[in-house]
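S.K.: Model the placement of chains L and B on the given structure of chain H, informed by the hints.
Residues per chain are reported as follows:
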Amino acid sequence: MAEPILKVRNLVKHFPGSQPGETIHAVNGVSFDLQPGETVGLVGESGSGKSTIGRCVLRLYRPTAGTIQFGDRDITTISEREMRPLRKEIQIVFQDPYSALNPRMKVGNLIGELVKLHTDLNTADRRDAVAALAARVHLNADLLTRFPNELSGGQLQRVCIARALATNPKVIVLDEPTSSLDLSVRAGILELLGELQRDTGVSMLFISHDLETVELVSHRILVLYLGSVVEDGPSSAVFAKPSHPYSQALLSADLPPDPDVTLDRKILQGEVPGPVHLPPGCPFEPRCPIARPDCRQGKPPPQAIGDTHHAACVRVADGSNDIRNAESLADGDTHKKLQDQFIGRTS
Amino acid sequence: MSLLEVRNLHTHFISHDLNNNQRVAKGLNGVTFDVDKSEVVGIVGETGAGKSLTAMSIMGLLQPPARVVEGSVTFDGNELIGLSAEDLNRIRGTELTMIVQSPLTSLDPLSRVGKQLVRAQREHRDIPKEEAWTAGIQTMTTVGIPDPERRMRAWPHELSGGMAQRVLIALALINGPRLIIADEPTTGLDVTVQAQILDLLRDLVRDREMGAMIITHDLGVVAHYCTRICVMFAGSIIETGPVREVFNNPRHPYTQALISSTPKRIAEQGYGQIGGPPPNLYALPQGCHYRDRCAKAADICHQTPPLQNAGGGHQARCHFAVDDATATPTVTHG
Amino acid sequence: MTDVTVTTPAPVPGFTWTGRILGITRRSPTFAIGFLIVAIFAFIAAFANVISPFGPIETFSDKVLIPPGSEFWFGSDGNGMDVFSRVMHGARFAFGIAVPSAIIMLVIGVPLGLIAGYKGGMIDEVVLRSMDVLRSFPSIVLALAVVAATGQSLINVVLVIGFLDAPIFTRLVRSEVLALRSSGFVDSAVAAGNPTWRILFVHLLPNAIRGSTAMIAVRMAWAVRISATLAFIGVGIQAPTPEWGAMIRQGAEFIISGEWWVATFPGVALVGIVLGFNLLGDGLQDLLDPRRKATGK
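Residue numbers (the numbering used here), protein chains in the order written: chain H, 1 to 347; chain L, 1 to 334; chain B, 1 to 297.
In short, the hints are calculated from the structure, not lab data.
A virtual CB, placed ideally from N, CA and C, is assigned to each residue, including glycine.
Incorrect hints may appear among the rest.
Derived DSS-like pairs (lysine-lysine); straight-line CA-CA distance at most 30 Å [said to hold, decoys possible]:
1. Lys106/H to Lys119/B
2. Lys116/H to Lys63/B
3. Lys88/H to Lys116/H
4. Lys296/L to Lys241/H
5. Lys119/B to Lys88/H
Here are the computed distance ranges between Cβ atoms for each label pair [stated by the list, open to error]:
6. Asp120/H to Leu142/B: 48 to 56 Å
7. Lys264/L to Asn149/H: 30 to 38 Å
8. Ala298/L to Asn149/H: 29 to 37 Å
9. Ile103/B to Asp120/H: 19 to 27 Å
10. Ser79/H to Asp292/L: 50 to 58 Å
11. Gln269/L to Asn168/H: 46 to 54 Å
12. Asn78/L to Gly270/H: 39 to 47 Å
With the rest of the complex left out, here is chain H (with noise of 0.2 Å):
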């Protein structure tokens, strides 16, 4: 096996929390690795810490505790000035475009402005890059004169992967890339980044909370809950056999588009809890419907369930850890007859 390109080791991050004395345990200890060529979906709700450690991985917050490796080269604690050269190997591509850019500059400047920071090429070569940049995500080249606001969200995403693209960097963080985006725009995005993955071999960190497009464009994912990961694997694998309750209810509560598709709901109580006060041990535990007293000794480690397929749940060892098995959980079969009814399924 290859060198991982991004390696990852109990990283931590804590925030100081609005009162004093408060903290913000937004990262809890996480580890993986990234190939060469490979993109890792980082999937959780809000509070699993996945933009955190996005955010961490690029340096744009400096970590607690843990180790963050690129290459040969340790950056978990190196300056900003050390790590600037270093960004036009790690770039980023944020949710909302429209934030993430200067509104007062052409949309031509914007992708120069990366060629102009890490290249030495004058302005016609400068150009001719923005221009081969522009045609490789499919921009008109007439919008490189425009401002921001003059374009569409799916045209100012291409942009910002433009921007992303122009120093051929080893790894792309995407933070939500497509989330603020219009559903039929959103395919030309996920195509355009499985195309130049194709093609450059570039590595891929895609953070978000949408299931589906995780499973689609992702070959390993991680699934955060309160900023540790409970489970990884490889994506085709977590999908078909969710092993951590938490997984299990995450996607058991996706919405698949198909009328057809009967849901098999695992509801949970309540809310992700804030990242201020952690549980005890394991925490899912608070929510877990099959929660065990051992649960609340610490957090589980790992356990394997394939080669390269993990679960952070001490059920796992038994296999008493399928969440169908829980009485607590609320009635998965009445609210199945009531959403059939509803629909028209069965009559």
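M.R.: Chains L and B only, in chain H's frame:
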């Protein structure tokens, strides 16, 4: 006669630019649909399609430069367009209510939740505060807020997203409406919370025989929580019908493109038709508004397409809607 | 794969000067009026030398305190000078104070706001507290003290005013920077590899200063008022300089005896220009803020 009947609604934004040229953005171009009791109609469309604008036009919440320039909206037989604010307020907030987007910014940050619930009632009826308070607690229970007596005293900023959304639903329910309009009720909420909120809405509709209109861009929500779907594009409804019908047999090229662009379909069929830039509401193409982006566009599309019937309440506004026997996946364009 | 083509219209068809003037007036009548007033005063200030009937200190010792009439449109003052010409030349002083002080306010205030907002932490605290201290002094008292200490000259007045008002811009710019930071704008610039100076001056500055443009006009009005006040109490500019404040001071002694025109006309001019600047600032706010394209949803 349906509970809500919208007929040929046209809403325009009429303004002047800095050069004093009049600019008209045609937000809604002849929107027609019904919502009856015990049905949930899902309105889907991209940004600029006119979903929220439809809701605002129905509720009489348009601000200048937006104006309804043509069309009618009848609620229980009463015409709403052109009603005075006073008359409108008798229906709004009582029989016809709306849940707006972004709950955390829609609640009054300076009043406790209970006070807002009481206010919502006493604005429309003359009832003593204690009675209104009790009714408030009851409604909070109905929407599934745990420990309602205590929560009545909570400030909006103390609520989580899901909790705040439930409070908004409580506010919409408290005067016993016959129709609820929910504008993106689950956007921004966690997936696990979305399920709770949608189940709640579904149960309310069923238990109280209310009508509901859900505006969303999430096809999954429509597929499982709506009985009928209206697909909007550039200010008009280009396809409508029972949910299963439309999903299994989409007739309009836009709907076909929309359904085939979901990740599951992409996994099965590959990337097909790619969406285009949003239509320019200041300069809509003549005839079919979708023809600039449509794979099937032909000369006839320069004429406004008629509403074609595909049977069983399923209609699509396209010249080719009923020509093809089956819904074919759209051809790659370009 | 479709090329993502453009259907938004190319910018600005139908531009005419009349159209533009009408369009702006419609959008903000306040701006139009304010602009007109300031423009008139600016014109007078620019061409006072050429168009005033008499020189600013041209004296007719035999024509003292003549009431307004055909010879002296605004009458003549206690030294036999034409009030009208002096009022016109006063406009030059008004702008000569307003514009440089505005520049100083910006040059001092804006960079401090940028750095405080961007860096945060200790630097932010230090800047904020210093600004608070500065703003807690009553400006007139401080201006008096400084000018009295450093000498009665126009330049000193300008410097003091500029210095005292800088904190306003520091605060405005700082909050814009904070807003931009929380929107991910700064993260994006950092991630692109921008060095700090580029982030501050190429990305933050043009966007953070947008909210301050209206305030600039308002502070210019204030600058004119405060310099007139200083002159009125006898600090800064002195007679026979044709500055409106000094002229009012001079004319004050004649009001009781009935020669109202010596003080009134410079007073009206003062009110006029201050009103003009204030309306201009208000109107700019109207223009810049709600100027969003109307989109249907």
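S.K.: All hints are to be evaluated individually against the structure, with a verdict given for each.
M.R.: The hints, checked one at a time:
Proposed proximity of lysine 106/H and lysine 119/B is supported: the alpha carbons are some 27 Å apart, at most 30 Å. Annotation: proposed proximity of lysine 116/H to lysine 63/B is violated, straight-line Cα distance about 71 Å (limit 30 Å). Proximity of lysine 88/H to lysine 116/H is assessed by CA-CA distance (about 11 Å); at most 30 Å being required, the pair is judged to hold. A distance of roughly 41 Å separates the Cα atoms of lysine 296/L and lysine 241/H; the hinted pair therefore is violated under the 30 Å criterion.
Using a Cα cut-off of 30 Å, the hinted pair lysine 119/B and lysine 88/H holds, with the two alpha carbons roughly 24 Å apart. Judged by the Cβ atoms, the range 48 to 56 Å given for aspartate 120/H and leucine 142/B holds: they are separated by roughly 52 Å. A C-beta distance of roughly 34 Å is found between lysine 264/L and asparagine 149/H, which places it inside the suggested range of 30 to 38 Å. Range check, alanine 298/L to asparagine 149/H: about 34 Å between beta-carbon atoms, so the 29 to 37 Å window is met.
Evaluation of the 19 to 27 Å hint for isoleucine 103/B and aspartate 120/H yields a failure: the beta carbon distance comes to about 37 Å. For the pair serine 79/H and aspartate 292/L, the beta carbons lie near 51 Å from each other, so the given range of 50 to 58 Å is met. With their beta carbons about 32 Å apart, glutamine 269/L and asparagine 168/H fall outside the hinted range of 46 to 54 Å. One distance hint, 39 to 47 Å for the beta-carbon pair asparagine 78/L and glycine 270/H, holds here, with the actual separation near 42 Å.
When the structure is compared with the earlier hints, violations turn up for hints 2, 4, 9 and 11 and for no others.
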